[in-house]
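J.: As you go down the protein sequences, you meet chains Y and A in turn.
Just so it is clear: in the first sequence, position 19 is 19 by our numbering, and no numbers are missing.
Just so it is clear: in the second sequence, position 164 is 164 by our numbering, and no numbers are missing.
These are calculated hints, taken from the structure and not from any lab test.
Keep in mind the model is a prediction, meaning the values are calculated, not measured.
Hints may be right or wrong, so weigh each one.
[To be verified] Here are the computed distance ranges between Cβ atoms for each label pair:
1) Y:Lys-35 x A:Tyr-94: 52 to 62 angstroms
2) Y:Glu-29 x A:Gly-379: 44 to 54 angstroms
3) Y:Glu-21 x A:Val-412: 14 to 24 angstroms
4) Y:Val-55 x A:Ile-307: 37 to 47 angstroms
5) Y:Lys-58 x A:Lys-317: 42 to 52 angstroms
6) Y:Arg-51 x A:Ser-194: 17 to 27 angstroms
7) A:Leu-8 x Y:Glu-21: 31 to 41 angstroms
8) Y:Leu-25 x A:Leu-353: 22 to 32 angstroms
9) Y:Gly-17 x A:Ser-75: 30 to 40 angstroms
10) A:Tyr-354 x Y:Gln-46: 19 to 29 angstroms
11) Y:Arg-51 x A:Gly-190: 47 to 57 angstroms
12) Y:Lys-35 x A:Phe-77: 46 to 56 angstroms
[To be verified] One-sided and incomplete, this derived list gives chain A residues near chain Y with beta-carbon spacing under 7 angstroms:
13) Leu-183
14) Leu-189
15) Gly-190
16) Ala-316
17) Lys-317
18) Leu-375
19) Gly-379
20) Leu-413
[To be verified] Counterexamples of contact, computed for chain Y against chain A with all Cβ distances above 10 angstroms:
21) Val-15
22) Leu-16
23) Leu-20
24) Glu-21
The beta-carbon is built from N, C-alpha and C at its ideal position, and this holds for glycine as well.
So you can see what is in the structure, the chains are spelled out below.
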Amino acid sequence: MTVDQVAFRRQGGFVLGSILEWKMLTRDEQAEMLKNGNVQFLADGQPVPVREALVALKA
Amino acid sequence: MELTSDDLWVLTGAVLVFLMQPGFLLFEVGQARPAHAVAVAMKNAIDWALVGLVYSMFGFALMFGDSVGGLIGLSNFFGALDGIATAEGSINPYTFMVFQLAFAGTTATIVSGSLVERISFSSYVILTLTLGAIVYPIVGHWTWGGLLSGESVGFLAALGFYDFAGSTVVHVTGGAFALVGVLMVGPRLGRFSSDGVPRDFEQTNPSLTVLGTMLLWLGWFGFNGASTLALSASVPRIILVTNLSACAGLVGAFFWAWARQGRRTDMIDPMVGGALSGLVSITASADVATVPRAIVLGGVAGAVYMISSNWLLNTAKVDDALNAIPVHLVAGSLGTLAVPFVAPAGTFDNGFLYQIQIQVVGLLASGGFVIISGLIVAGLLRRFLGLRVSPNEELRGSSIANRVEREAEREVLTSDELEALL
Numbered sequence: 001m002t003v004d005q006v007a008f009r010r011q012g013g014f015v016l017g018s019i020l021e022w023k024m025l026t027r028d029e030q031a032e033m034l035k036n037g038n039v040q041f042l043a044d045g046q047p048v049p050v051r052e053a054l055v056a057l058k059a
Numbered sequence: 001m002e003l004t005s006d007d008l009w010v011l012t013g014a015v016l017v018f019l020m021q022p023g024f025l026l027f028e029v030g031q032a033r034p035a036h037a038v039a040v041a042m043k044n045a046i047d048w049a050l051v052g053l054v055y056s057m058f059g060f061a062l063m064f065g066d067s068v069g070g071l072i073g074l075s076n077f078f079g080a081l082d083g084i085a086t087a088e089g090s091i092n093p094y095t096f097m098v099f100q101l102a103f104a105g106t107t108a109t110i111v112s113g114s115l116v117e118r119i120s121f122s123s124y125v126i127l128t129l130t131l132g133a134i135v136y137p138i139v140g141h142w143t144w145g146g147l148l149s150g151e152s153v154g155f156l157a158a159l160g161f162y163d164f165a166g167s168t169v170v171h172v173t174g175g176a177f178a179l180v181g182v183l184m185v186g187p188r189l190g191r192f193s194s195d196g197v198p199r200d201f202e203q204t205n206p207s208l209t210v211l212g213t214m215l216l217w218l219g220w221f222g223f224n225g226a227s228t229l230a231l232s233a234s235v236p237r238i239i240l241v242t243n244l245s246a247c248a249g250l251v252g253a254f255f256w257a258w259a260r261q262g263r264r265t266d267m268i269d270p271m272v273g274g275a276l277s278g279l280v281s282i283t284a285s286a287d288v289a290t291v292p293r294a295i296v297l298g299g300v301a302g303a304v305y306m307i308s309s310n311w312l313l314n315t316a317k318v319d320d321a322l323n324a325i326p327v328h329l330v331a332g333s334l335g336t337l338a339v340p341f342v343a344p345a346g347t348f349d350n351g352f353l354y355q356i357q358i359q360v361v362g363l364l365a366s367g368g369f370v371i372i373s374g375l376i377v378a379g380l381l382r383r384f385l386g387l388r389v390s391p392n393e394e395l396r397g398s399s400i401a402n403r404v405e406r407e408a409e410r411e412v413l414t415s416d417e418l419e420a421l422l
């Protein structure tokens, strides 16, 4: 599984971004988004559970 | 003021243009994935209602009110048409408004076809309101301002720019706004594989798309035919060239696809896209085009549709879900630039070469304004509101049942998990 996209939740919808955009966020920014459930990872267009995605990205 | 046969014809034209709205609805629902069919239908209904309100209150005034420097109209807000300048013998101003209202609704609907299945409802509403209340009326004023009084008050019309029924004003405007939307929103999830190869998606019912196309085709007879704003002797010929351009567009795209790709089971896209491209392309010149040249223009538009839609999808990797950009932006541009070529010699006072130049200027000015406006609005929406539905909603549809399930699935991590995973 290759996590290749990320969807960021905004006020009323989502914005699609690349994994590079996710990695460019600070650790605090990433933590804030994850705590609030404001991020969803995707692999080949399919949602991936956040925990699985983070493990895959860390590897 | 008594109504005349001209009023009756233009009101009939408005009804025919309204018929294009269910045409768009069926066209889009037929090609959308089944899980999104209801949402697509709903968006088509809501944009008609919203644009009806904001165009009547504001848009009409910006488009046809007293001109400020040929750039914008600024009178007759809130549907008040008392005192609006009219030429002697012209139709009732309210007849004119009803007809123009139908055009505004058509322009706004063009955008929805590009963004189906992934744009959020709130963002779509804001984009539609912006287009119907501000962007379309301003572009329209430049070319059609003063139409009811018979004076060319818009700066493009004063320069000699010619767009009879809206290849640029309606279709390039809608298509350019759709282009910005598609680029800002991004492709549907899974539309392209990791190596960029497009994937085909299931369609609800392509037969509905064909029925929708036929309704649009019928509606176009009012769109072009009643743009004379009178039941004049030119109306039958306008309807004839409109029809023939669509026929040639369909045939041109069909045989282009057959020759290039071989006979496939899916020939619906070339047929419907080609016919619509033929209709869009003849719209700028339907009152001046000769019959043979209208057929040639339609055939070329059909072939250009195939080339541009393939290029967008396979080379540029742009997911224009229902090919609104090739049909409206590309064929609209083609039709605008073709005006001097399809009209008989001597049609335009300033000469053939000047007319080519001014058609280019009008196209670039109108398209450029729409693109810049679209980038500002869509950019703000992307930054602050978010343009897309959630990935789950996009993949599974937007019914209430799915929405409840979706909320339950929202993953929230604890502090301990974050420590371990980040």
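J.: It remains to establish, for every hint, whether it holds in the given structure.
T.: The hints, checked one at a time:
{"no.": "1", "hint": "Y:Lys-35 x A:Tyr-94: 52 to 62 angstroms", "result": "holds, 57 angstroms"}
{"no.": "2", "hint": "Y:Glu-29 x A:Gly-379: 44 to 54 angstroms", "result": "violated, 21 angstroms"}
{"no.": "3", "hint": "Y:Glu-21 x A:Val-412: 14 to 24 angstroms", "result": "holds, 21 angstroms"}
{"no.": "4", "hint": "Y:Val-55 x A:Ile-307: 37 to 47 angstroms", "result": "holds, 45 angstroms"}
{"no.": "5", "hint": "Y:Lys-58 x A:Lys-317: 42 to 52 angstroms", "result": "violated, 29 angstroms"}
{"no.": "6", "hint": "Y:Arg-51 x A:Ser-194: 17 to 27 angstroms", "result": "holds, 22 angstroms"}
{"no.": "7", "hint": "A:Leu-8 x Y:Glu-21: 31 to 41 angstroms", "result": "violated, 58 angstroms"}
{"no.": "8", "hint": "Y:Leu-25 x A:Leu-353: 22 to 32 angstroms", "result": "violated, 56 angstroms"}
{"no.": "9", "hint": "Y:Gly-17 x A:Ser-75: 30 to 40 angstroms", "result": "violated, 45 angstroms"}
{"no.": "10", "hint": "A:Tyr-354 x Y:Gln-46: 19 to 29 angstroms", "result": "violated, 56 angstroms"}
{"no.": "11", "hint": "Y:Arg-51 x A:Gly-190: 47 to 57 angstroms", "result": "violated, 22 angstroms"}
{"no.": "12", "hint": "Y:Lys-35 x A:Phe-77: 46 to 56 angstroms", "result": "holds, 48 angstroms"}
{"no.": "13", "hint": "Leu-183", "result": "violated, 12 angstroms"}
{"no.": "14", "hint": "Leu-189", "result": "holds, 4 angstroms"}
{"no.": "15", "hint": "Gly-190", "result": "holds, 3 angstroms"}
{"no.": "16", "hint": "Ala-316", "result": "violated, 17 angstroms"}
{"no.": "17", "hint": "Lys-317", "result": "violated, 14 angstroms"}
{"no.": "18", "hint": "Leu-375", "result": "violated, 15 angstroms"}
{"no.": "19", "hint": "Gly-379", "result": "violated, 11 angstroms"}
{"no.": "20", "hint": "Leu-413", "result": "holds, 5 angstroms"}
{"no.": "21", "hint": "Val-15", "result": "violated, 5 angstroms"}
{"no.": "22", "hint": "Leu-16", "result": "violated, 5 angstroms"}
{"no.": "23", "hint": "Leu-20", "result": "holds, 15 angstroms"}
{"no.": "24", "hint": "Glu-21", "result": "holds, 12 angstroms"}
Checked against the numbered hints given earlier, the structure breaks hints 2, 5, 7, 8, 9, 10, 11, 13, 16, 17, 18, 19, 21 and 22 and satisfies all the rest.
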